[in-house]
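**Q** Taking the hints into account, I'd like the entire structure generated from these sequences.
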Amino acid sequence: MEAVHDVVILGSGLAGLRAAVEAARVSNDELDIAIVSRVQLVRSHSVCAEGGTAAVMQPEEGDSLELHAWDTVRGSDFLADQDVVKRFVEESPKEILQLEHWGIPWSRRHDGRINQRPFGGHSFDRATFAEDKTGFFEMHTLYDTLQKFARVTRYDECYVTSILVDNGVFQGITAWALTSGEFFLIKGKALVIAAGGACRMFAFTTYSLSATGDGMAMAYRAGLPLKDMEFVQFHPTGLVPSGILITEGARGEGGYLINNKGERFMEKYAPSKMETAPRDIVSRSEMTEILEGRGFSRPDGLDYVHLDLRHLGADRINERLPLIREVAIKLASIDPIEKPIPIRPAAHYCMGGIRTDIDGATPVEGIWAGGEVACVSLHGANRLGANSTAECLVWGKIIGEKAARYAMARGSVAPTPPQRIQEEERRLFGWIGHGNGKEDVFLIRAELQRLMDKNVSIYRNGPDLEAALKKVRELKQRVEHVRVVDTSRIYNTNLVAVLETINLIDLAETIVLGALARTESRGAHSRTDFPDRDDVNWTRHTLAYYSPEGPRLEYSSVNISMWQPVERKY
Amino acid sequence: MKETRLKILQYITGIGLFFFIGAHLFASYLSSGEPTSWESVSERAASSGWLTLYLFLLIFGLYHGLHGLRTIILELSIPNSAVKVLDWALLAIGVAIFGYAAYIVINAF
Amino acid sequence: MQELTFRVQRYNPGENKEPYLQEFTIPSSQGMTVLDGLIYIKENVDNTLSFRSSCRMGICGSCGMLINNFPMLACHSPVEELKTDRIEVRSLPNFPVIRDLVPSLDPLFAKHKSIKPYIIGPDMKEVEAPTSEYSQSREELEAYVQFAYCVKCGLCMAACPSVATDSLFLGPQPLGQAYRYCADRRDIGAKERFHVADSPHGIWLCHLAGACSEACPKGVDPALAIQLLKRAMVSDSLRLRKKKKPASLAQPPATSKPKIDVPEFTVTQ
Amino acid sequence: MAGKPASEENRHLPNSLGIRGWVWAGRYTLERYLFTLHRLTGLGLLAYITLHLIANGTRLGGEDAWTNTMEFLSNPGFRVGEYLVVAAFIFHALNGGRLILQHLGFTLGKPKPPVYPYVDSMRRRRPITLAMLAVMAALLLYVLIEIVT
Ligand SMILES: Cc1cc2nc3c(=O)[nH]c(=O)nc-3n(C[C@H](O)[C@H](O)[C@H](O)COP(=O)(O)OP(=O)(O)OC[C@H]3O[C@@H](n4cnc5c(N)ncnc54)[C@H](O)[C@@H]3O)c2cc1C
Ligand code: HEM
Ligand code: SF4
Ligand code: F3S
Ligand code: FES
Chain A
1 MEAVHDVVIL
11 GSGLAGLRAA
21 VEAARVSNDE
31 LDIAIVSRVQ
41 LVRSHSVCAE
51 GGTAAVMQPE
61 EGDSLELHAW
71 DTVRGSDFLA
81 DQDVVKRFVE
91 ESPKEILQLE
101 HWGIPWSRRH
111 DGRINQRPFG
121 GHSFDRATFA
131 EDKTGFFEMH
141 TLYDTLQKFA
151 RVTRYDECYV
161 TSILVDNGVF
171 QGITAWALTS
181 GEFFLIKGKA
191 LVIAAGGACR
201 MFAFTTYSLS
211 ATGDGMAMAY
221 RAGLPLKDME
231 FVQFHPTGLV
241 PSGILITEGA
251 RGEGGYLINN
261 KGERFMEKYA
271 PSKMETAPRD
281 IVSRSEMTEI
291 LEGRGFSRPD
301 GLDYVHLDLR
311 HLGADRINER
321 LPLIREVAIK
331 LASIDPIEKP
341 IPIRPAAHYC
351 MGGIRTDIDG
361 ATPVEGIWAG
371 GEVACVSLHG
381 ANRLGANSTA
391 ECLVWGKIIG
401 EKAARYAMAR
411 GSVAPTPPQR
421 IQEEERRLFG
431 WIGHGNGKED
441 VFLIRAELQR
451 LMDKNVSIYR
461 NGPDLEAALK
471 KVRELKQRVE
481 HVRVVDTSRI
491 YNTNLVAVLE
501 TINLIDLAET
511 IVLGALARTE
521 SRGAHSRTDF
531 PDRDDVNWTR
541 HTLAYYSPEG
551 PRLEYSSVNI
561 SMWQPVERKY
Chain B
1001 MKETRLKILQ
1011 YITGIGLFFF
1021 IGAHLFASYL
1031 SSGEPTSWES
1041 VSERAASSGW
1051 LTLYLFLLIF
1061 GLYHGLHGLR
1071 TIILELSIPN
1081 SAVKVLDWAL
1091 LAIGVAIFGY
1101 AAYIVINAF
Chain C
2001 MQELTFRVQR
2011 YNPGENKEPY
2021 LQEFTIPSSQ
2031 GMTVLDGLIY
2041 IKENVDNTLS
2051 FRSSCRMGIC
2061 GSCGMLINNF
2071 PMLACHSPVE
2081 ELKTDRIEVR
2091 SLPNFPVIRD
2101 LVPSLDPLFA
2111 KHKSIKPYII
2121 GPDMKEVEAP
2131 TSEYSQSREE
2141 LEAYVQFAYC
2151 VKCGLCMAAC
2161 PSVATDSLFL
2171 GPQPLGQAYR
2181 YCADRRDIGA
2191 KERFHVADSP
2201 HGIWLCHLAG
2211 ACSEACPKGV
2221 DPALAIQLLK
2231 RAMVSDSLRL
2241 RKKKKPASLA
2251 QPPATSKPKI
2261 DVPEFTVTQ
Chain D
3001 MAGKPASEEN
3011 RHLPNSLGIR
3021 GWVWAGRYTL
3031 ERYLFTLHRL
3041 TGLGLLAYIT
3051 LHLIANGTRL
3061 GGEDAWTNTM
3071 EFLSNPGFRV
3081 GEYLVVAAFI
3091 FHALNGGRLI
3101 LQHLGFTLGK
3111 PKPPVYPYVD
3121 SMRRRRPITL
3131 AMLAVMAALL
3141 LYVLIEIVT
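Residue numbers (my numbering), protein chains in the order written: chain A, 1 to 570; chain B, 1001 to 1109; chain C, 2001 to 2269; chain D, 3001 to 3149.
Do not rely on the hints blindly, as some may be mistaken.
[As the list claims (entries may be wrong)] Lysine-lysine pairs mimicking BS3-like chemistry, simulated, CA-CA at most 25 Å apart: (1) C:Lys2017 x C:Lys2042; (2) C:Lys2259 x A:Lys273; (3) C:Lys2083 x D:Lys3110; (4) C:Lys2042 x D:Lys3112; (5) C:Lys2243 x B:Lys1002; (6) B:Lys1002 x C:Lys2244.
[To be verified] Per the computed footprint, the stretches of chain C lying under chain A, defined by three or more beta-carbons under 8 Å from a beta-carbon of chain A, are: (7) 2082-2089; (8) 2098-2109; (9) 2156-2165; (10) 2178-2189.
[Said to hold, decoys possible] Calculated Cβ distances over 12 Å to all of chain A for the following chain D residues: (11) His3012; (12) Tyr3028; (13) Leu3043; (14) Leu3073; (15) Ala3088; (16) Arg3124.
Derived by calculation from the structure, the hints in this document are not laboratory data.
Glycine is no exception: its CB is placed at the ideal position from the N, C-alpha and C atoms.
**A** In structure tokens:
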């Protein structure tokens, strides 16, 4: 089986949908565009984004592009590429308007203009929001808009298993249609990778179950370098025990963090910003409170602190935070109008990803990457809240356009040797014979998650990371021997779990190795054995290249075109 | 907007039936005397007022009932191509019944 | 409640002619949802069980199922709310079954596309190259925002009696979304959507059974949207419909505040 | 529409409730089943009208034929049947009135952002439906008494 299209878009999250709309739009619906997703298009993880999308919308009221840039650079602990930041702050207001014109229900001020709310690390209230379902509304607005275009072929629920590159040029992707069991090749002139992040390697995470880093892992195995993988963001407010996100908007609207003594403990750590300090700082503060015995304990070890919204009042909660109220009632039996919410830091975002240049182009000709899967180096060592959805929109648009223009200029699609597809098919369905393998994939995944939660979490140190590396490599061996009991090709989620786990393990290795090498503390990467930032040696990006023995690390420089690094204090 | 117009008629005939059948039932059950006796039946049949009422009742009832039936048949997933056939068939049935019934009402006496 | 009995629909297209129910007994835990139960079964009891899930917070719309004879999102159904320890889970009715608990929602997506679910603006140039934001008052927002809550889960379609007999009927989700866009001041495409909804398998097959709204997990109230769309179509047909004023672009505020300080560039540009 | 190369190969099991769903579709509360009743009474009335016209056709045979028919129809079985028709009519008429109003968007209230736990407009306005049912019950009782006495 083989399908040929002009532009292939891998992933239908915010970045993927935005790219698809842009590609269809700039080509006047002339290009044949395919959008491939492992879930039904509109189910992508981006629907979970709650709080907001950052953009300078109110320059008359004191905000400015420079200020947004400064906040982002400072938030990144000076690891962001500053030319990228500049492009970002210029483009994101346009995206807010574009979505507004495509029908999104942005929350409004009394005068009918777009409203914005405060967000962690931003010196101005610039998180544009639609209640607390920002990502949801953005996704559905883009999905709906995509329905305008006739020449978009959708591949819902097609699990992509590999990216084929030949001589540094993109060839195609192999995909397994879950609903029919078919395995086939999708060829194209250009590929846009927008396959999302990888925090499902942690047990306590805000992520969707389907966000397992496949895109990063496939690109990595296809020879594309991964950048800055050691930087994993922990969100301060994951709902205990599920990890479901309680949006930063809850603190933006004025919620308090309270320890078991009833104190607003952020006074000690970030007196000027309090609860709306950047995420790395708030998460560390919470962990310190918990580690020093000022949290509330739970038998399962998920000790927590309280997020108190009661003083906001029922009206404000119902108007601004309806989703988290619903979620807290449903999944923790707590109505935030009446009781504080139990929360603790949860794995939330991968700052790292596929290395791209400022236009989202990867080192392979014909492949672009954008959104969380990519690392264009906007977030550096710590992403500011609300900057990610904005990044997905901005670079979704850029790479959609670039890929479309490339495809329009290029003649034909190169042939692909059939044995590569057969090999991949054998690798995939070979598992199905493994009915008597001795390992259980769900156990392996659980072990990986427990390990990452324990050793590669908010506070890290040399010995823990060494131990983690050893364990990850052991898991990498063991996963080869898992059994797949399910023998069907149709909707075989047993096999899917195996493929996901392999991907997660590969990525975990790059994270652990990068973290081990980086002997400093910067942004989300905080080592107790190296507590200070080391600007002399470590103002540089980590690059991880695939090799059968394990990742090979290289480094690249940081673009500093506006501000020299200074001490980061809030 | 054909379907919308058809449905509007369904509503109008529904409201019409409410009054006509109300009157009809009142005359048939609640008025004094023996409503179904030959005398009272012929008496009503001779009055042009009742005659008109019956004819309207017929038209409204048939349209309303048959359009309702059409909706139900449409809902059995019949293909769009068969809709025309259905429409004509129901129209034919409606006209036939109307003809027969009008003949009774007008010619019985 | 120490233990839960799950009776789960199984169907493997290669092997079974008919779906059947398989019984699992699993330990219950505090705050557990039906989805948690299914995940427990999949990971610990029977690896071959198939179902959809993603966000596990009731926002992606993947996990619609028939739970104890009512269409629900599995991740949004705490076992406690069901008030029983016997739980029967089947694939969503009115959609073809692919396998086990996995229905094919393709018909829903196709119907949704057919009603033109996007802004058809008075000035498409402005729509595609915005110069300023449209102003939207609270009332204008409230006229449609409830309907924009739709997660496209298809529960309403599983509940609707007209969808049950008519696979061609547009159904509550698409019709509700048609109204969502018609009610948006930024949109002037109502006529085009009326035209789609006016087909023999269109809006008039809705008989206000209200089951769609009863089942909807996100408070969308498609039944209300559909009746309001009917009203608009009837008044349009009778030429009573008021032309709505298209949205206007917001003017920037007249007054401005001083800029917040930003540190000077320390690298020469 | 969906681009899956193999989706034409329809291995999926159809799973529609079909007419079965009129009788039992799940744990719905009221309106879902009022719909069924409205439909059944509508069809019943249509069937009745047809029979009614046939019966009336005997008029063409003159006074004797008519009186015979009426006598034949006055046995208790038909009286009960007639009561059922009147009952069906009363239900259909009252519920139909409600439907006309609500189909046209009256009495349902305005859309507004829902507050959890969600209550939709039909349930918010359920008192109207219940009032309709109460009037219906009263009418049915009245007609029953009227017929019996
Ligand atoms: C709970 C939560 C709340 C958040 N809130 C905010 C917020 O308020 N503001 C903000 O700015 N950011 C927020 N973020 C971050 C932001 O939502 C994400 O970074 C962003 O949505 C990522 O979008 P994406 O398009 O890159 O990827 P995703 O939305 O994750 O999409 C990935 C796509 O790739 C597809 N895919 C993956 N693997 C495969 C495969 N093997 N084969 C085929 N397809 C595949 C998936 O199906 C999916 O369609 C939040 C994140 C979380 C977890
Ligand atoms: C007394 C006044 C009546 C009123 C107010 C009334 C009202 C209605 C309404 C509003 C509908 C549309 C229901 C919907 O689409 O959901 C309807 C349907 C219907 N009516 Fe009536 N009606 C009345 C009398 C009758 C009579 C006398 C008959 C018999 C001929 C009849 C037969 C039907 C049928 C068959 C349907 C279709 C049912 C369905 O689609 O479910 N009605 N009625
Ligand atoms: S209207 Fe409600 S039930 Fe229907 S698809 Fe949308 S969210 Fe689901
Ligand atoms: S259940 Fe169906 S009949 Fe109408 S009100 Fe809802 S669409
Ligand atoms: S898993 Fe997303 S709605 Fe249930």
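**Q** Is the hinted pair B:Lys1002 and C:Lys2244 satisfied, with a Cα-Cα distance of at most 25 Å?
**A** holds (23 Å)
**Q** Can you confirm whether chain A covers the region 2156-2165 of chain C, using C-beta to C-beta distances below 8 Å and requiring at least three such residues?
**A** violated (count 0)
**Q** Please work out if C:Lys2042 and D:Lys3112 have their alpha carbons no farther apart than 25 Å.
**A** violated (40 Å)
**Q** Can we trust that D:Tyr3028 is non-interface, i.e. its beta-carbon lies farther than 12 Å from all of chain A?
**A** Check passes; 21 Å lies beyond 12 Å.
**Q** Hinted pair, alpha-carbon criterion (25 Å max): C:Lys2017, C:Lys2042. Please report holds or violated.
**A** Status holds; Cα separation ~23 Å.
**Q** Quick one: work out the minimum CB distance from D:Leu3073 to chain A and report holds if it exceeds 12 Å, violated otherwise.
**A** holds (59 Å)
**Q** Are 3 or more residues of the region 2178-2189 of chain C near chain A, judged by a Cβ distance of less than 8 Å?
**A** With 4 residues in contact (Cβ-Cβ under 8 Å with chain A), the coverage given for the region 2178-2189 of chain C holds.
**Q** Quickly compare the C-alpha distance for C:Lys2259 and A:Lys273 to 25 Å and report which way the hint goes.
**A** Satisfied, since the Cα-Cα distance of roughly 19 Å is no more than 25 Å.
**Q** Does D:Leu3043 sit more than 12 Å from chain A, CB to CB?
**A** holds (38 Å)
**Q** Check the hint pairing C:Lys2083 with D:Lys3110 against an upper bound of 25 Å on the C-alpha distance.
**A** Since the Cα atoms of C:Lys2083 and D:Lys3110 sit roughly 33 Å apart, the hinted pair is violated (cutoff 25 Å).
**Q** Per the stated criterion, does the least C-beta distance between D:Ala3088 and chain A lie above 12 Å, as a non-interface residue requires?
**A** Check passes; 43 Å lies beyond 12 Å.
**Q** Can you tell me if the region 2082-2089 of chain C counts as covered by chain A, using C-beta to C-beta distances under 8 Å and a minimum of three residues?
**A** violated (count 0)
Consistency note: the structure conflicts with the earlier hints numbered 3, 4, 7, 9 and 11.
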